[in-house]
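Here are the chains, one letter per residue:
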Amino acid sequence: NAGVTQTPKFRILKIGQSMTLQCAQDMNHNYMYWYRQDPGMGLKLIYYSVGAGITDKGEVPNGYNVSRSTTEDFPLRLELAAPSQTSVYFCASAGGRTEAFFGQGTRLTVV
Amino acid sequence: AQSVTQLGSHVSVSEGALVLLRCNYSSSVPPYLFWYVQYPNQGLQLLLKYTSAATLVKGINGFEAEFKKSETSFHLTKPSAHMSDAAEYFCAVSDRGTGGFKTIFGAGTRLFVKA
Numbered sequence: 001n002a003g004v005t006q007t008p009k010f011r012i013l014k015i016g017q018s019m020t021l022q023c024a025q026d027m028n029h030n031y032m033y034w035y036r037q038d039p040g041m042g043l044k045l046i047y048y049s050v051g052a053g054i055t056d057k058g059e060v061p062n063g064y065n066v067s068r069s070t071t072e073d074f075p076l077r078l079e080l081a082a083p084s085q086t087s088v089y090f091c092a093s094a095g096g097r098t099e100a101f102f103g104q105g106t107r108l109t110v111v
Numbered sequence: 001a002q003s004v005t006q007l008g009s010h011v012s013v014s015e016g017a018l019v020l021l022r023c024n025y026s027s028s029v030p031p032y033l034f035w036y037v038q039y040p041n042q043g044l045q046l047l048l049k050y051t052s053a054a055t056l057v058k059g060i061n062g063f064e065a066e067f068k069k070s071e072t073s074f075h076l077t078k079p080s081a082h083m084s085d086a087a088e089y090f091c092a093v094s095d096r097g098t099g100g101f102k103t104i105f106g107a108g109t110r111l112f113v114k115a
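Chains as they are written, first to last, in this note's numbering: chain U, 1 to 111; chain C, 1 to 115.
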């Protein structure tokens, strides 16, 4: 029972590089979320999706893009990495307006 | 706009003492509220949730929380702290977004338990 799977677990990027953080869930959840976690700041919502083909901005969307072509997958794209994007990124899914299930996180460092 | 405020970024208690972690929220619709726990280098796990049924909610590991609409609060308590309770705790609210509901988190409270 995999739940929410994030890849990679760790990544170091150089300023200006791009990358995609992968997230997949096998619970047939409609809702999926991307958060970033910075020390003392809690989790900030980057983007969320309420179903395939539907995405919306969260609290801190600048510098990121998402797509949701299938129910299972919700990748997060960083186009031009900046040091301010150094963070731990969590993907989560939910069946509706209920508790979210989280992945183990991706620790990203931009140098 | 919806928001969650957790009072106290750090709380320290002695083993066996009462744990009280405070959370206040604002929401544009009747709220669904959650407490999550995060252990080092892990994702978040649900402790308990309020979804408009009983106002006193019991969760895992002996934790409970009480929804108080008049105070817009959802404080987390545990009668007797254990060393294994040391972790970071997050309060969250599910509120209406543009196309559905989105979950917003507070800044977190780190709980230290002293022997």
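There's no promise every hint is true.
To be verified - Which chain U residues stay away from chain C? Per the calculated CB distances, all over 12 Å, these:
hint : residue
1    : Q17
2    : D73
3    : V110
Claimed, not checked - For lysine-lysine, the following BS3-like pairs were computed, each having C-alpha atoms within a straight-line distance of at most 27 Å:
hint : chain 1 : residue 1 : chain 2 : residue 2
4    : U       : K44       : C       : K49
5    : C       : K69       : C       : K49
6    : C       : K68       : C       : K49
7    : C       : K69       : C       : K58
8    : U       : K44       : C       : K68
9    : U       : K14       : U       : K57
10   : C       : K58       : U       : K57
11   : U       : K44       : C       : K69
12   : C       : K68       : C       : K58
13   : U       : K44       : U       : K57
14   : C       : K58       : C       : K114
15   : U       : K57       : U       : K9
To be verified - Simulated coverage check for chain U against chain C, where a stretch passes if three residues somewhere in it have a Cβ under 8 Å from a Cβ of chain C:
hint : region
16   : 19-29
17   : 75-86
18   : 95-108
Just so you know, these hints were derived from the structure itself, not from any lab. Every residue, glycine too, gets a C-beta built ideally from N, C-alpha and C.
Structure-based check of all given hints:
no.: 1; hint: Q17; result: holds (25 Å)
no.: 2; hint: D73; result: holds (18 Å)
no.: 3; hint: V110; result: holds (20 Å)
no.: 4; hint: U/K44 / C/K49; result: holds (20 Å)
no.: 5; hint: C/K69 / C/K49; result: holds (15 Å)
no.: 6; hint: C/K68 / C/K49; result: holds (14 Å)
no.: 7; hint: C/K69 / C/K58; result: holds (17 Å)
no.: 8; hint: U/K44 / C/K68; result: holds (25 Å)
no.: 9; hint: U/K14 / U/K57; result: holds (25 Å)
no.: 10; hint: C/K58 / U/K57; result: violated (33 Å)
no.: 11; hint: U/K44 / C/K69; result: holds (25 Å)
no.: 12; hint: C/K68 / C/K58; result: holds (15 Å)
no.: 13; hint: U/K44 / U/K57; result: holds (11 Å)
no.: 14; hint: C/K58 / C/K114; result: holds (24 Å)
no.: 15; hint: U/K57 / U/K9; result: holds (24 Å)
no.: 16; hint: 19-29; result: violated (count 0)
no.: 17; hint: 75-86; result: violated (count 0)
no.: 18; hint: 95-108; result: holds (count 9)
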